[in-house]
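*Asks:* Since the structure of chain A is already known, use the hints to place chain B on it.
One-letter residues, chain by chain:
2 protein chains.
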Amino acid sequence: MLPSLTQARAPLTREVSAVNEFGESLTVSIPAERALTVYVDKRELVTLMTLGAQPELLVLGFLRNQRLVQSVQEVESITVDWEVGAAAVKTRQGISDIEARTAKRVVTTGCGQGSVFGDLMAEVDTLVLPAATLSQAQLYGIVNAIRLQESTYKSAGSVHGCALFSGEQMLLFVEDVGRHNAIDTIAGWMWLQDAATMNGGDKVFYTTGRLTSEMVIKSAQMGVPIVVSRSGITQMGQEVAQRLGLCTIGRATNKRFLCYSAAERLRLQPELAGARYRI
Amino acid sequence: MLPSLTQARAPLTREVSAVNEFGESLTVSIPAERALTVYVDKRELVTLMTLGAQPELLVLGFLRNQRLVQSVQEVESITVDWEVGAAAVKTRQGISDIEARTAKRVVTTGCGQGSVFGDLMAEVDTLVLPAATLSQAQLYGIVNAIRLQESTYKSAGSVHGCALFSGEQMLLFVEDVGRHNAIDTIAGWMWLQDAATMNGGDKVFYTTGRLTSEMVIKSAQMGVPIVVSRSGITQMGQEVAQRLGLCTIGRATNKRFLCYSAAERLRLQPELAGARYRI
Chain A
1 MLPSLTQARA PLTREVSAVN EFGESLTVSI PAERALTVYV DKRELVTLMT LGAQPELLVL
61 GFLRNQRLVQ SVQEVESITV DWEVGAAAVK TRQGISDIEA RTAKRVVTTG CGQGSVFGDL
121 MAEVDTLVLP AATLSQAQLY GIVNAIRLQE STYKSAGSVH GCALFSGEQM LLFVEDVGRH
181 NAIDTIAGWM WLQDAATMNG GDKVFYTTGR LTSEMVIKSA QMGVPIVVSR SGITQMGQEV
241 AQRLGLCTIG RATNKRFLCY SAAERLRLQP ELAGARYRI
Chain B
1 MLPSLTQARA PLTREVSAVN EFGESLTVSI PAERALTVYV DKRELVTLMT LGAQPELLVL
61 GFLRNQRLVQ SVQEVESITV DWEVGAAAVK TRQGISDIEA RTAKRVVTTG CGQGSVFGDL
121 MAEVDTLVLP AATLSQAQLY GIVNAIRLQE STYKSAGSVH GCALFSGEQM LLFVEDVGRH
181 NAIDTIAGWM WLQDAATMNG GDKVFYTTGR LTSEMVIKSA QMGVPIVVSR SGITQMGQEV
241 AQRLGLCTIG RATNKRFLCY SAAERLRLQP ELAGARYRI
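Heads up: the protein sequence lines correspond to chains A and B, in order. Note that this note's numbering numbers the first sequence so that position 250 is 250, with each residue one more than the last. Note that this note's numbering numbers the second sequence so that position 118 is 118, with each residue one more than the last.
Bear in mind the hints are in silico, worked out from the structure with no lab data behind them. Hints are supplied without guarantee of correctness; some may be wrong.
Unchecked claim - Far from chain A by the CB rule (all over 12 Å, computed), these chain B residues:
#, residue
1, Arg9
2, Glu74
3, Glu76
4, Thr79
5, Lys90
6, Leu127
7, Val128
8, Pro130
9, Ala132
10, Gln149
11, Met170
12, Leu171
13, Phe173
Stated by the list, open to error - Which bits of chain A does chain B cover? Going by a derived footprint, with three or more residues having C-beta under 8 Å, they are:
#, stretch
14, 19–25
15, 149–162
16, 235–243
17, 261–268
Since the structure is predicted, the reported quantities are computational estimates derived from the model, not experimental observations. Heads up, the beta-carbon is just placed ideally off N, CA and C, and yes, glycines get one too.
Pulled out of the complex, with its shape left as it was, chain A reads as follows (with noise of 0.2 Å):
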């Protein structure tokens, strides 16, 4: 009873023809960048604008996280098509109450979000995260396995990459031009998953971009407590965690880095920093 998927992966990159400071021209890769409208049951309901290597799962996520759909099995199919630039869903049974659902619009922080439907808000306290923890060692093999992952973002720039992971093993790496999109790539990627192997206990979400409310309460939606960045977090950010006992750890580069909320889940090992130093 799982959905059935499209694999309409298009190219990530492509080369357009710059000047440098010397004057010369020269190639160079820049990330795709395409819109993607979403109709559900050939209703129009978004327009997305996605790199495009997984629209499939980025759809599916999208649903989940904007909590349009309650399980994967409602979903029937998705279908992509970029040559006009669609994602059909159809789903088994309709979504009632659709267009109220979808009615309230916030506009969210910059850097990777997009617009949150209805009031997620309220619904966070509601959430129960999975007791779990992380050693400082499995962070930093976190923060090496991101280090050394090919990416859309070496080649070309200018993309957010999130990640799931098991421990210190990286289950998924996704890119896209917003990290709203990866983080429900990773969701629906999820999803598809068998329930019972894949809760989100014992994961742990990475992401390049920063820790604001909407990648903590989406992460605490997908039943994951422990939330790495190599940016900051913001505010709401921040208290959302803590409301949550989500655990946040951003400023993750090299040995370093701040835990600014929950920090019981993280086994400390302090010995594995390295040399003291202050700067």
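*Replies:* Relative to the frame of chain A, chain B by itself:
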């Protein structure tokens, strides 16, 4: 006939405690992030997540860039009250057809946009940008001015900065948790200035964020024909800029840069680029 505006500036950073890699607790600054719900003539329009530095200009620029008001004179007042997280906009004549004009949603590329109402792209082809050029020396002046700017980013990280320049003279510097907010704030500020002196013709727009289609379009809507960024460009940003003849300059740090479009607006002075090296 300029609108009456409150000046509801709120604290831009907040101190929280964090745990570092040595297991030490320390106090760090993070950027503030507030929900600001915009009401136009008592009708709820949208909720913006913002740092809160200049909320009235943000709301004014948001209305402008969404094309919901055609001139600054249509706005009678903007009253921001952080106690309730609300911005009340009063127009002189009402906004006709506001339901239809805010119905279509586009979730734009992650890093720094928010949603765009209506079909902005359809309007792009009607925009004619003023003739203007920038010398390589002026470009270096802009990059240096940004480097010297005191900022929330330096003290707390996790914000985007935007600035408006006339040649290499900085007219305004704005930071926000989303760079779409920062550019909207600049748009609001420009609108408040006398139209005769504040057309975009000789202006240059700077952003720390990526050159996405939305940034390019918003710059073009403000009549600013040159955009500079320390980041790169996305495919749609590059395509729209080429169509508009808008000069986009990315990867601008120290003496380096890449001009992705309308290079004829950049008066090259390769002798200023310094010693030649290849990486």
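*Asks:* Taking each numbered hint in turn, which are not upheld by the structure, reported in ascending numerical order?
*Replies:* Hints that this structure does not satisfy do not exist here, as all of them hold.
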